[in-house]
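Enquirer: Could you slot chain D onto chain Z? The hints should help.
Protein chains: 2
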Amino acid sequence: METELPTIFSAKRTSFVRTSVIREILKLTVENSNILSFAGGLPNPDLFPKDVFSSVMESVVRENISTAFQYGDSSGYEALRTQIAEKLTDVSWVSSRSITITHGSQQGLDILGKIFMDSDTNVLLEDPVYLGALQAFSPYHPNFFSVPMEPDGPNLYWLEEILSQNKIHVFYANPSYQNPSTYTWSLEKRIKIANLLDTKEIILIEDEAYRYLDFEGKVYPSVSSFRKRNDLTFVLGSFSKILSPGFRLGWVVVPDLYRNLFTAVKQGNDLNSNQFSQVVVSKLLKTMDFDVHLHSIQSFYKGQKESLVSLLGKYLPEVKFSLPEGGMFLWVEYPKGTSKELMEHCLKNGVAMVPGTEFSPASRSSSFFRMNFSFLTKDVMEIGVKRIADVYRDINT
Amino acid sequence: METELPTIFSAKRTSFVRTSVIREILKLTVENSNILSFAGGLPNPDLFPKDVFSSVMESVVRENISTAFQYGDSSGYEALRTQIAEKLTDVSWVSSRSITITHGSQQGLDILGKIFMDSDTNVLLEDPVYLGALQAFSPYHPNFFSVPMEPDGPNLYWLEEILSQNKIHVFYANPSYQNPSTYTWSLEKRIKIANLLDTKEIILIEDEAYRYLDFEGKVYPSVSSFRKRNDLTFVLGSFSKILSPGFRLGWVVVPDLYRNLFTAVKQGNDLNSNQFSQVVVSKLLKTMDFDVHLHSIQSFYKGQKESLVSLLGKYLPEVKFSLPEGGMFLWVEYPKGTSKELMEHCLKNGVAMVPGTEFSPASRSSSFFRMNFSFLTKDVMEIGVKRIADVYRDINT
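Each protein sequence line maps, in turn, to chains Z and D.
One rule links them: number in the working numbering = place in the first sequence (from 1) + 48.
One rule links them: number in the working numbering = place in the second sequence (from 1) + 48.
The shape of chain Z in the complex, shown without the other chains:
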C-alpha cells in the first residue's frame, strides 16, 4: 500500500515526507467503483446548497468581476476576513486583520510548520493524530512527542509528565470531534490545558476544522479563547466541512506578533488564496441562512452516525468504539487480528476503511480503524458492514 519514494537527487527534508494511504485508497475507490468506502472524509454532496451556489456565482460574475477574477491581498479578501472574524471565531482579540485566508486549513498547517519547525523544535501531537498534520510538519523535521488521548481529551497525567520533562515549543491539537478519533475535549480539560500552556509558554496550533459538526448543534469554546497568552495561540478553521471542499478555503487566526511573517510566508507559498472562491464564499455567507444550513448538516450526520452504530451493533457486536458527540467518523477497535491483514482482506472483498496506524505519530501498529459515515447511504453502509463482518469472521476463525 505504501508509495515508495525513489532515491533521487533531492533536499534532505524529502526523506521525511509522508505519503497518505487515505489518498491512495481514495484513488482505488475512484478507479474501482465496486469498492464501498468508509475511508474518505468526504462531506455528503447532497448537503451542498446547490440553488444558492448557482445564484451567487451568477451574481459574482455580474457584479464582482474585477475583484473576483484578479490577484488579491495575500492575507485574503477583506469582506470574507471580516465575516470570519465576526461569525466564525471566538477569541476575544480577533479582528479581520488577525485572519489570513488559506487554501484549506491544511495550508495553514504547512505555513505554521515552515514558521516554527526546525530540527530543534519540540512538537507535541495528540495520539492518534490528524494525518494531514503529520504530512505538513514532517518535512520540516521537528522532534515529535505525543500524548495519549481519552474520549474527553488528552490524558492529563501524561500531558503534565511530558511538559515537565521536556521543553515543548508547539502543541498541535484538534480538540473538537478530532479526525480520526472524534474525541472532543471537555470544557474542564480545555480550561486546564489553556492554563498549563500559558504557564509553560507553549505555542498552541488549534485545529478547529470540525468545530461546527456537533450532532446537537453545540459549539465548544476554543482552547485558545481561555488563553491569556494571545501571542502564542493560532486557530485554524475551514469551509470544507460546512460549505464545500471544492472552494479549498480555510483560515488561520494569527496573533499580531506573527502577522507579517505569516503573510510573507503565504506570499512565497502561492501569492494569495483563490480570489474567485473567496468572493463566492463571502456572498454565500451573506445570502444563505447559515444557521439553518448548519443545522441540516448536523442532523443529517447525526442520522448517518446512528445508522452506522446500529449496523455495527447488528453485524459486528465484538468491535468497540465510544459514541462521538459530532464529526464524520467512528474510531473503531477490531480486537482480533492485525489491522494490516484486515485492511488487505477488506479491499479484496470490496470495502475500504483506514487503518489506525496511519494516525499514529510513531507509526505503531494499531487495532483501530477510522470509519467514515458521512458519505454512504444507509443501505450501502449495510452492504459494506456485512462485507467487513465476513472478512473479520474469516480471519478470526
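Check each hint, because a few of them may be wrong.
The list treats identical chains as interchangeable, and a pair is accepted whether it falls inside one copy or across any two copies.
Straight-line Cα separation of at most 25 Å, SDA-like style, residue types lysine to any residue; simulated pairs [stated by the list, open to error]:
no.: 1; residue 1: K98; residue 2: I113
no.: 2; residue 1: K362; residue 2: T386
no.: 3; residue 1: K98; residue 2: E111
no.: 4; residue 1: K75; residue 2: A133
no.: 5; residue 1: K60; residue 2: D279
no.: 6; residue 1: K237; residue 2: N278
no.: 7; residue 1: K426; residue 2: N112
no.: 8; residue 1: K75; residue 2: S143
Rather than coming from a laboratory, the hints here were simulated on the basis of the structure.
Expert: Relative to the frame of chain Z, chain D by itself:
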C-alpha cells in the same frame, strides 16, 4: 517601504523569508486610489471572457456538482491535466500523468524549492530574476548564483564560467518575456543552453508563465523541449495571464522520476488544488475559442506597449529600454539618481513603479524600474508618465 519582521520565536529559515515591495505597493494603491500604478502585474480585466464565464459556471453547478465541490486528486483534475498535456506543453514525453495542477505557478516554485533546496544546494538564477522565485526559494536557504542577462538570454560567457567553476544543481529560468525584464531567449540560446544543462546534469526549473504573451502570436519552443535529460527538467505554466488570476491555477510538468515525491509534497502543502476552479477552467477551455481569445490578449497588450513606449519617448526621452517581443512590462533604465529616491518621490507624487533592486538576486541597487503597461488606459498612462517626468526632472536639476 520594507516590512520589518520582528524577532520572535521561529524556525531558523524564517530569517531568510523575503517580503515583497510589489505587494506593499499594491496595497498602497488599493488604499489610495490617487496613485496611478505601473507597479502591478495585473492582467487587464476587460480581457476576461465574462460571457463564457457566466455560462460555464452555471453549467458546472448544474452538471458537475459532485466533482466540482468535492475534494479531488492531489495531482489535479484529470480532464484538465489532459487538456494541458495536449494543448499547453511542448515537451515530447508529456502525458496527463506528468502534469500536477498547482495553486498558481508560484506554488510550483515553492514545491520545487522544498524538494530540491537545502543549504548545500547551488541554485543559479537569472539577474534580474522573478521576485516570486526569490520569495519561494529563500526560506529553503540554498546558495544562490546568478548569471547576467541580455535581451536575447543569459550571457553565455558568464554562464559557462559559472558552470565550469561551480557544481550548479538547479537553474531557475524564465526564458519567455521574463518578469521583470521581458527579455526572451533566442532559439539559438535555448538549444545551446539545453545542451549545456544536459552535459552538466543540471536540473532546469523553466518558468513559462508568460509563454503565450508574444505580441505577434509567436510561441517559442521551451528550453526543456531541447533537453535529452527528460528526468532533469520541470516546466511551469499558469492560467493567470491567459484566463484569469482569480482561478489561482497553474501547473508543473514533472518528470516520471519525481512524480510521487512531487504529489506527496503537494498533499502536505494543501491536499489538492481548488477543484471547483479546475472544473470551470477545464470547461472554459472546451467551450471557448482559445486561439481567438489569446489573439485578443496579444494584440491588446501590443497596443498598450506601443502607447507606453511612445509616451516615454515624448516625456522621458532620456530613459532607456529594449523593445520587448511580448509580456506585460517595460524594463526601463533611469540613468540619473538612485532608484530608491526616485521611487519615494514618485509615490509622493501619486505614481508607482517597482524599483529594480527588488529583482536583484543580491539586492544590489539598480537604476532600472519595472513598468507595467497591461492595466492602465492610455490616457491614465499619459498622466502617470508626466508625473514620473516631473519627479525625475526635479531630482535631476
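Enquirer: If the cutoff is 25 Å on CA atoms, where do K426 and N112 land: within, between, both or neither? Let me know, please.
Expert: between (41 Å within a copy, 24 Å between copies)
Enquirer: For the identical chains here, do K60 and D279 meet the 25 Å Cα criterion within one copy, between copies, both, or neither?
Expert: between (32 Å within a copy, 19 Å between copies)
Enquirer: 25 Å Cα cut-off: does K75 pair with A133 within a copy, between copies, both or neither?
Expert: Only across copies: K75 and A133 sit 21 Å apart there, 36 Å inside one copy, limit 25 Å.
Enquirer: 25 Å Cα cut-off: does K237 pair with N278 within a copy, between copies, both or neither?
Expert: The answer is within: 19 Å in one copy meets 25 Å, while 55 Å across copies does not.
Enquirer: Within a copy, between copies, both or neither: which one fits K362 and T386 at a CA-CA cutoff of 25 Å?
Expert: within (22 Å within a copy, 80 Å between copies)
Enquirer: Using 25 Å as the alpha carbon limit, work out where K98 and E111 are close: within a copy, between copies, both or neither.
Expert: both (20 Å within a copy, 11 Å between copies)
Enquirer: Using 25 Å as the alpha carbon limit, work out where K75 and S143 are close: within a copy, between copies, both or neither.
Expert: The answer is between: 19 Å across copies meets 25 Å, while 40 Å in one copy does not.
Enquirer: Between copies, within a copy, both or neither: which fits K98 and I113 at Cα up to 25 Å?
Expert: Cα proximity of K98 and I113: in one copy and across copies (21 Å, 8 Å).
Every hint from the earlier list agrees with this structure, and none is contradicted.
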